[in-house]
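Engineer: Chain residues, written in single-letter form:
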Amino acid sequence: MKIRNIHPCGDVVVILPGETPKQLDVKRGEVFTVTKAEAAVLLSTPDNFEAADEAKDKE
Amino acid sequence: MATTLDRAVIIKKESTFGTYPTVDRALEYLDGDTSINPKPNIYQGQGLRAGALLPDGSRRVITKYNTEGSLGVECLAKGQGTLWEILMGSGASNLVSTGVYQQVFTMAAQIPSFSIQEQWFLVGTDLVDTFTAATYTTYGAMVTDWELSMTEDVAVLKVNFAGRKTDTAQSAVAVTLPSTATTPLSRANLSFSTGTLVPATTTTLASASTALTGFDSITVKVNNNLNLDRPGTNGLRGKPVPAGVREIEVTISGLEHRDATFETARDAQTAVSFLTDYTGLALTTGNEHLQVAIADLRVEDVVKKVENGVPKQDLTLKGQQATTPMQVVIRTADTAL
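First to last, the protein sequences are chains F and E.
Taking numbering that gives the first Met the number 0, the leading residue of the first sequence gets 0, the next gets one more, and so forth.
Taking numbering that gives the first Met the number 0, the leading residue of the second sequence gets 0, the next gets one more, and so forth.
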């Protein structure tokens, strides 16, 4: 799934939870791709990330 | 594989006391100053049981839940707006110019509650170096008191809080930390002023007329004076309320003794305004700032000393009521708290 970084801090380092944490560096406004499970974690914090699927992009 | 280096502390203000809002602001916390542990009130049955040489374990019961927490961070001009809001009570972010925002925090009648998640790790047996994630979440936390130390190195914030409940029911959230350049706020870029204080507006910084130089360190302590004893449902705490007025204590250590200004202010108990201003990295326009402005302090104590040949004073001042008693101001590139 495609996720957009809307974090107030702009460019952020994201550490996805888990036994083997996955680290991503994402720029302000950047759209990046993660698994569905990872997307669910990111979208649980709607002030930081939003879905950036094609339908949303067309809006 | 995860290790204890993957630990994290994440917070968010609650809309309703004790209701988890999904935390989203990770803090670069100081390990030695951060500790969150349930400390319930436990009652040991007092009834005498014939033949018992020790208290009976089956007669112990928790009567009230409670979590005690402390949190320490080095102050940054990024990513700490939520933290300042839960310390001060009220906070807002406004656009100053392109890419530059100003966050102004003021004391509010009600202190907000917050949830805090501690991402912890359990170690495996002695034959392995593997760790298992464990997530502790505390709900209904409220800041009881805090201390901002403007040390001879950097600005450090230490916060004490009390929580309503802690459990492991919540999922671990993603940890997000600012990667954009920001630095701890250095003593090298700290100024201290008194005299006529002009408070910050939503978009202008606070200012004061008389700069003072030659001091070692400054500490601002605030006690919210909360009543933590309200009974709630199921042994959980009711939302704390102010038990009385708040307390602000400012200590200025090692201020070079150049005149009798503060001795005169002590003797006459006249108002002393207070403004500290850290300047940080450059923003699109201007610089990062962290300001603390207190409208009315009265000198409680002045202690003279000579340190390495320099006459100095250690000052203790107490905050007093004013229209806007205290502001904390952050200039930042963050677009929201």
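Some clues are possibly wrong.
[Claimed, not checked] Rough simulated footprint, nothing fancy, chain F against chain E, three-plus residues with beta-carbon under 8 Å: (1) 170-176; (2) 309-319; (3) 327-334.
Since the hints were made in silico from the structure, they are not lab data.
Virtual Cβ for every residue (Gly too), placed ideally from N, Cα, C.
Engineer: Which constraints among the numbered hints does this structure fail? Numbers only, ascending.
Structural biologist: When the structure is compared with the hints, only number 2 turns out to be violated.
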